[in-house]
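**Student:** Line by line, the protein sequences give chains A and B.
Going by our numbering, the letters in the first sequence line up with residues 1 to 125, in that order.
Going by our numbering, the letters in the second sequence line up with residues 1 to 207, in that order.
For the record, the hints were derived by calculation from the structure and aren't laboratory data.
Misleading hints may appear alongside valid ones.
[Claimed, not checked] Pulled from the structure, derived: some chain A residues nowhere near chain B, Cβ distances all over 10 Å:
1. Arg15
2. Gln16
3. Cys33
4. Cys48
5. Glu57
6. Asp72
7. Ala76
8. Ala91
9. Ala120
[Claimed, not checked] Okay, derived cross-link-like pairs now, DSBU-like style, lysine-lysine, Cα gap no bigger than 35 Å in a straight line:
10. Lys90/A - Lys41/A
11. Lys154/B - Lys96/B
12. Lys92/B - Lys41/A
13. Lys90/A - Lys21/B
14. Lys122/A - Lys96/B
15. Lys122/A - Lys21/B
16. Lys21/B - Lys7/A
17. Lys21/B - Lys41/A
[What the hints assert, rightly or not] Residues on chain B that point at chain A, a partial pick, calculated with CB under 8 Å:
18. Phe61
19. Ile178
20. Val180
Because the structure is a prediction, the values reported are computed rather than measured.
We put the CB at the ideal spot given by N, CA and C, even for glycine.
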Amino acid sequence: MSCDRFKHDLHAYFRQELAADRAAWIDAHAAACGDCGELMKLAREISCRDFVDTLNEYVEGDIDADRRAVFDRHLAICPDCTNYVDSYRKAMDMSMAAFLGRPVIPAEPPPDLLRAIFEAKKRRG
Amino acid sequence: MEAAAGAPAAIGDEAVLEALKTSVDGAFELLVRAYAVRMRSVALRILRNAADADDAVQEAFLSAFRALPRFEGRSGLGTWLQRIQINAALMKLRAKRPAEALEEGDVDELLPRFVGLGVHEEHLRPWGAAPDAPAVREELCASVRAGIDGLPEKFRIPLLLRDIEGLSNDELAQELGISVNAAKIRVHRARQALRALLEPTWRSLVP
């Protein structure tokens with residue numbers, strides 16, 4: 001029962017929306033209960049703000065194994081960051097598709113451009 | 001990642017370099033014919049205007065040809081030319097200073113917001129899977145292009161050079177004359193802004 005209440009209130013705790021006595025109870029329960037203490041430790045390991053601020057390094061694989069493990073543990077408990085990373089990747093993929101997957105120019109260079117380049121070469125050597 | 005100007009040329013690099021030994025004009029023509037399309041696509045993405053792009057392509061080929069005897073072949077000719085084209089296009093862009101749809105500060109408004117001890121201000125709903133239907137994809141791509149076009153140059157150019165032209169973070173930093181960390185941050189902010197700009201279209205098109 002206490003653990004259910006802890007989990008229910010944890011998000012509000014991190015939003016700092018709980019009254020002082022409720023917040024103190026959360027701290028006390030985390031200190032007393034092994035499982036909830038672990039959950040609190042995970043939730044405190046990295047904030048969503050820090051996660052989102054540096055997730056480019058995670059997405060690009062530009063981090064060491066320890067840091068990657070911190071990100072992975074955060075994703076395991078945070079649906080918001082999971083959804084954010086997923087949409088960030090989708091936007092990246094779509095931006096590549098938008099430019100590289102589309103023949104925006106003909107396969108042959110425009111004759112006028114070629115002429116201009118060759119003439120400029122003659123003029124300027 | 002496929003880099004637009006870094007892919008192998010239809011006419012081999014060896015042919016261009018070999019021709020250079022016997023006929024300077026012939027080598028120049030080979031070089032231009034082999035790479036003009038890809039050079040122009042790089043310039044068009046950066047400058048977004050055909051006339052400006054063509055000027056930048058011309059400048060790039062002339063300066064590339066002057067530098068060609070010093071080409072060391074550490075990277076492929078295509079990659080080397082791509083960097084020269086990026087430089088020429090950026091020089092042209094700096095000279096023009098185009099009107100921007102968004103101000104630099106507007107990008108901050110597109111970043112996620114946090115409350116309390118750093119949790120998301122609002123719950124984020126998942127995006128649907130990327131669609132396969134060509135018409136839907138094209139609509140999303142159009143939205144992406146419009147979104148990127150509207151970004152301030154400070155963010156648009158790093159995004160293009162990193163994600164579309166395929167420069168590494170180090171190369172990007174060197175190209176922009178900023179630290180690697182600053183380059184990474186600009187690309188990240190640009191992607192975040194693009195994500196926010198794309199979200200309404202994505203949600204309306206992908207259930």
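**Student:** Work down the list of hints and note, for each, if the structure agrees.
**Tutor:** For each hint, the structure was consulted:
For Arg15/A, the non-interface assignment is contradicted: its Cβ lies about 4 Å from the closest Cβ of chain B, within the 10 Å cut-off. Distance check for Gln16/A against chain B: the nearest CB is about 4 Å away, which does not clear 10 Å, and the non-interface claim fails. Against chain B, the non-interface label of Cys33/A holds: every CB pair exceeds 10 Å, the least being about 20 Å. Separation of Cys48/A from chain B is inadequate, the least Cβ-Cβ distance of about 5 Å not exceeding the 10 Å criterion.
Residue placement check: Glu57/A does not keep its beta carbon more than 10 Å from all beta carbons of chain B (closest about 7 Å). For Asp72/A, the condition that its CB be more than 10 Å from all CB atoms of chain B holds, with the nearest at approximately 18 Å. Against chain B, the non-interface label of Ala76/A holds: every CB pair exceeds 10 Å, the least being about 16 Å. Its beta-carbon lying about 4 Å from the closest one in chain B, Ala91/A breaks the requirement of being farther than 10 Å from that chain.
The beta carbon of Ala120/A sits about 5 Å from the closest Cβ of chain B, which is not more than 10 Å, so the claim that it is off the interface is violated. About 30 Å separates the Cα atoms of Lys90/A and Lys41/A, which keeps this hinted pair within 35 Å; it holds. At most 35 Å may separate the alpha-carbon atoms for a hinted pair to count; Lys154/B and Lys96/B meet this at roughly 14 Å. Of the supplied pair hints, the one linking Lys92/B and Lys41/A is violated, its CA atoms being roughly 52 Å apart against a limit of 35 Å.
With a C-alpha separation of about 48 Å, the suggested pairing of Lys90/A with Lys21/B is violated against the 35 Å cut-off. Using a Cα cut-off of 35 Å, the hinted pair Lys122/A and Lys96/B holds, with the two alpha carbons roughly 27 Å apart. Only pairs whose Cα atoms come within 35 Å are accepted, and Lys122/A paired with Lys21/B is accepted, the gap being roughly 19 Å. Between the alpha carbons of Lys21/B and Lys7/A the distance comes to roughly 75 Å, so the proposed pair goes past 35 Å and is violated.
Restraint check: the Cα-Cα separation between Lys21/B and Lys41/A comes to about 68 Å, which exceeds 35 Å; the hinted pair is violated. Taking 8 Å as the C-beta cut-off, the interface hint given for Phe61/B holds, the closest approach to chain A being about 5 Å. Interface hint at Ile178/B: violated, since its Cβ lies 15 Å from the closest Cβ of chain A, which is beyond the 8 Å cut-off. Against a cut-off of 8 Å between C-beta atoms, the interface hint on Val180/B is violated, since the closest Cβ of chain A lies about 10 Å away.
Hint compliance for this structure: hints 1, 2, 4, 5, 8, 9, 12, 13, 16, 17, 19, 20 are not met, and every other hint is.
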